[in-house]
Structure formats: C-alpha cells, structure tokens
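Trainee: So the chains spell out like this:
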Amino acid sequence: MTISATRDSTTAPDRPLLDVHALKIAFPSEHGVARAVDGVSFTVSRGESVCVVGESGCGKSLTALSLLRLVPPPGRIESGSRITFDGADILTLDDERLRDIRGQHMAMIFQEPMTALNPVLTVGDQIAEVLRVHTTLSRQETWARTVDMLAQVGIADAGARAKQYPHELSGGMRQRVMIAMALIMSPKLVIADEPTTALDVTIQAQILELLRDLRARTGMALLLITHDLGVVAEMASRVIVMYAGRVVEEADVEDLFAAPSHPYTEGLLAAIPKLGQEEERLQTISGSVPPPTALPSGCTFRDRCPYAFARCATEEPALLQVGSAHRARCHLVEEPARRAVRHDVVRT
Amino acid sequence: MSRRLSPAFVLMALLVAVVVAGPLLTPYAPNAQLDIIALRSQAPSLAHPFGTDAVSRDVLSRVLDGGRVSLALAILSVSLSLVVGTLYGAMSTLAGGVVDSTMRRLLDVALSIPRLLVLLAVGALWGALSFPALVLLIGFTGWFDTARLVTDELRALRAQEFSLAARAMGVRGPRLLWRHLLPHLLPTLVITASFGVAGTIALEAGLSYLGLGIQAPQASWGTILRDGAGVVQSEWWLSLFPGLATVFAVLACNALGDALRERFAPNHVPRRATSRDTAPIPMTGTTSPSAFSPSRTVRP
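As they're listed, the protein sequences go chains B and L.
According to the numbering used here, the first sequence is numbered sequentially starting from 116.
According to the numbering used here, the second sequence is numbered sequentially starting from 2.
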C-alpha cells in the first residue's frame, strides 16, 4: 500500500473529500427488507459542487442523511458500505469524533426550514448553539459571530433578527438562517437537501445565488440534493442521477444536459418545459418509482423505459463507462442501436 | 388570551394573598383556646365570622392558617413530583433502547397501583407523619403521570425534524434534551402543575380527614373538617367553611390550569398532524383514581 496508515487528510490532498462506496441502506418491513439505497457509490472533491437528482422516494435524502450517520431508525446502513470523509471512516467512527464532524466539518441544510428550526428558540440562539457545541468562544464573541453570520447570509438588521423566533421570519429568511447555521463553522462539505423546494420561485433564485456566492467565497464543497433540473443547471459541476436507490447516471453537467445516456435522465430532461415549445402537453415519464419492496427484475427502470428490450428484464445493467467522466447504468451503452426502437410505455 | 387568563389569575392571586396574609387578618392565634367555657362552639358572629370550635378556637384563624399548610403541602409535593417525573422521563428518553422500554413498563406498573391505597398503607404502617414526610410521600407517589407525559412528549419531539437538524449540527443527547426539547414542555408542565395542586389540596383534605395527613393540633383544611365531622348538624360552621375553602382553592387551581391550557395548547409549535394533536393534554391524576380527586374538566 502506498497510502499511509494515517488518516490525516493533509497527507492525501488528491483523495476526494467524500468517498461513498457501495452504500446500502435497508429498512426492515412486513414485506421483507426494503433496500431504499442499494449500492450507491460516488465521490465529492474538495470545493466541488455535485448535484444528486431523482424523483421522490429514490433514496437521495436518505443517502444525504447517511453521510452524517443520521439514518432514521429502523433503517440501517448495511455492512459493506463505506463512507470516507476527509480521511475519516464515518461508519465506524466513535460518537465523540462523529459529533465533531457534524456541524463543524460537514453540515446539512434541510428542505423545510419551518420544521428544521426549533420553534421555541430564537434563530440567533440556534445559530450560536453550533458555536457553543464546537468552540470555546466567550458569550460575546459567540453572539458577535452569530450576528455577523446572519448578515453574511443577507439578513438585514441581523442584530434584531437574531432575537426573533422562526415563526416571526419569512420562509426565505428562515432558509437563510438554516444556511447560516450550516456555514458558521466553515465546513468543508455542505449537504443541502432540496434547500429551495419549500420556497417561492423568486426566493428560490435568491437562495441559490446565496449558496453559489458563499461557495465561491469559502471554497466549500456542496452536495445538493434536488429533483429540479433547473437547479442542477445553475449549481452543479457534476450530476448524479438516482433511481430506485441506485445511481443510474453520473456525468459532468454539460455532458448530462447535452447527451443524456440513461433513458431516465432523458425523460427527466424532456419533462422540462421549454420556452417557445410547440407541444401542448408537457412530456412525462409514465408510472412512478417502484417501491423498494417491489422492484422489477433486471433493470429497475424497465417498466417505464421506452427502449426496454428482452435483456432488460433478465439482467441488471452495470454502471457502464460512456465517456471519461460519464457513466450510465443501461444496456443501451453496449447496444446503442436499440435506441432507434422506441415504443410507448403502457400505463399501468 | 389575556382576557381568558385574568379571572383565573385573579382567583388564584386572591387565594394566595388571603392565605399568606392570614395572620394579619385575624387577631387570634390559630391554636389559641380563647375561653373554653364561654366561647365554646359559638356560631358565626361578628367577632368570630366562621364561629369557634369545641375547644373555643377561632375557626377563621384556623381556616387561614390551615390554608397555608394545605397550599404549601400541595405546592411542595407537586413541585417534587414534577422534578422527579421530568428527570425520570428525560433519563428514560436519553437512555433509549432496552432501558427506556423497561423504565416505561415500570411506569405502567406504578400507574396501575391506586395512589390512595399506597398512602393509606404507608399511613397505617407509620402512623402520624410530619409535614416534610407528607410532602415526600405525596410527592413521590404523584410523579408517574408527569413522567409518562414527559416521556411521550420527548419521544414525539425527538422525532421532529428540528431534533434531527440539531443532531446534524453536532448537538449531543443530553444537551438536545435539556436545551432544545425541554423548553417545549414548559407550558405542559405548568398546566400539569396547576391541576396537580388542585388534586393534591383535595387529597390532603381527605388524608387529614382520615387522620393520616396533617396531625392535630396543627390546622389544615382536612383537620378542621375532621373536627366538625361528628357535629355537622349542630356545629355546621366547622364543616362548611374549611369545605368551602377547599372547593374554592381546587376551583381556582383548575380554572388556572384550564386558562393556561387555553393559552398554550394551540401553541405556535408546529407539529405534523397526528392523532396526538387532537387529544387533550393529559393531566396528572387522571390515571390514579383517588376518592378525593375533584372531577376535572376534560375537553373533547
């Protein structure tokens, strides 16, 4: 082994900041074990902006939570999974060191700030709490940094706002507070789970711009979970497309939008309304994500795939190399001629 | 909401003020036998508005003095119950897993034992109990509902997303409970306390009446009632006034509890809609039937 045994990240600057390998998350249920995330692997480099895209229920939020080892019970991360963050093995780390990482080196922005903020604590108190947990700053310093952080995320009159409760703030401001909480320790990686889904469109744009701006200033890596390809186009340098608990395509953002390889990605892109579009109806992908207890044999997408052929029912495709940084989990990569045969998917 | 709160507050303030200022309101000491021959068993008059008892003590002085004892006993023992119950609930939640479920089962067992039976048994074993011993006894037999309430509430709160968010920020278990979750319980605990005080006032009256509570010659509402027990028809004032005082105090506490619940129950804490939300806030005493508990108002 050339890699030294030490886990100090500085010894291996070229290693990715986050390395998720063969992540499997299972939920025991009455119908057997539901594998909500099944063999997901990806990496995030330092300062990189990666988007994870997929429909509701594809396992993307669960993947995000597992990075901080916060998978809600009875769900559990199965053996064989590995998550390496900044040289530390997240899944075997002792609780003490895990808490050190949470909020300090890796932080999370939740989807719905109204429920993710504690209603009985002032927003300033909640931001300050992160400092209290991770630093030994004096009360004055803690408060000063809290107010400063609130100002940095674009909240006017931050000193007064800090003393208000979440319900006294607008949705956009609450999300700014969440971002302030996540960023106050200058983490190396910020996970944002659908940070704009609960917001008005105009506020969405502001929040995305704020995130982009803060990323440029701090050099943090961003793992953005979303179902909105518009967000992807604005934020990502690399995209991971998930379907039914699996990564089905991974590519640089330009590649993905220019030449999607997986029929699912193709469908997602086709479903985006375009200006000046002639068609009257928006395109949709028929059907919905199958529940993890009732996955079809072979390719999990074949029931909804317009190109599905015999092989798809018997053999699950591997994540195949399409280009240098572009992979797709589809037999079409090996049999591109099949793409010519498109048939309607029967709605069930 | 302040309009809803004020009558109950006024009642409560009145009660506390009268009881606290008691010694200033009457010229007689509560245990002074004024004139064992001439002033024995006098009906209410201007000099003795509540009359005198069989040994010529002024009943008004005794009711006021007894009120201090009854209220102090209720408030102290309910405070003890709240502290013990909250600690138990918090520890159970914090421990989690097998310890948590064991502690919950123990709580179920404790809740299934009729409280009055325990009190009577202890009374029978030890006989006369001092005031501190009574506080401990009533306090330590009254915390089970609080513990259950706290455990249930904490469990629900821990499932909320803000708990997850706090943990994602590196907040550890004890701190999460203490700083992030317990503040949510304050309104509930205050409401529980006011109903608890009401129940305990009635309980004390009952115990003292049976001779197991406050001991003579110290006045309490229960002991005065006991003095008048055999002579309700002839010396009705011995039963009526301490009885009225007890009813008034219980009503005042219940009214306060109701008002506080009205104020806090539809609180600004957003919750996911669950069946829990439509259920009334559980109150202490509801699961330990006591012959002396006043009927409590339960909203649907």
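I should point out that these hints are in silico values taken from the structure, not numbers from a laboratory.
Treat the hints with care, as some may be off.
As the list claims (entries may be wrong) - What follows is a set of in silico ranges between Cβ atoms, one per label pair, in the way DEER data are often shown:
no.	chain 1	residue 1	chain 2	residue 2	range
1	L	Val100	B	Gly195	44 to 50 angstroms
2	L	Val99	B	Thr312	34 to 40 angstroms
3	L	Val84	B	Glu283	47 to 53 angstroms
4	B	Ser285	L	Asp101	35 to 41 angstroms
5	B	Thr312	L	Ala73	52 to 58 angstroms
Note that beta-carbon positions come from the ideal geometry of N, C-alpha and C, so glycine has one too.
Trainee: Hint by hint, note whether the structure agrees.
Mentor: Against the structure, the hints:
1. L:Val100 with B:Gly195: 44 to 50 angstroms: Violated, since Val100 of chain L and Gly195 of chain B (Cβ atoms, about 30 angstroms apart) do not stay within the stated range.
2. L:Val99 with B:Thr312: 34 to 40 angstroms: Holds - the Cβ-Cβ distance for Val99 of chain L and Thr312 of chain B, about 39 angstroms, lies within 34 to 40 angstroms.
3. L:Val84 with B:Glu283: 47 to 53 angstroms: violated, 32 angstroms
4. B:Ser285 with L:Asp101: 35 to 41 angstroms: holds, 39 angstroms
5. B:Thr312 with L:Ala73: 52 to 58 angstroms: holds, 56 angstroms
Checked against the numbered hints given earlier, this structure breaks hints 1, 3; the rest are met.
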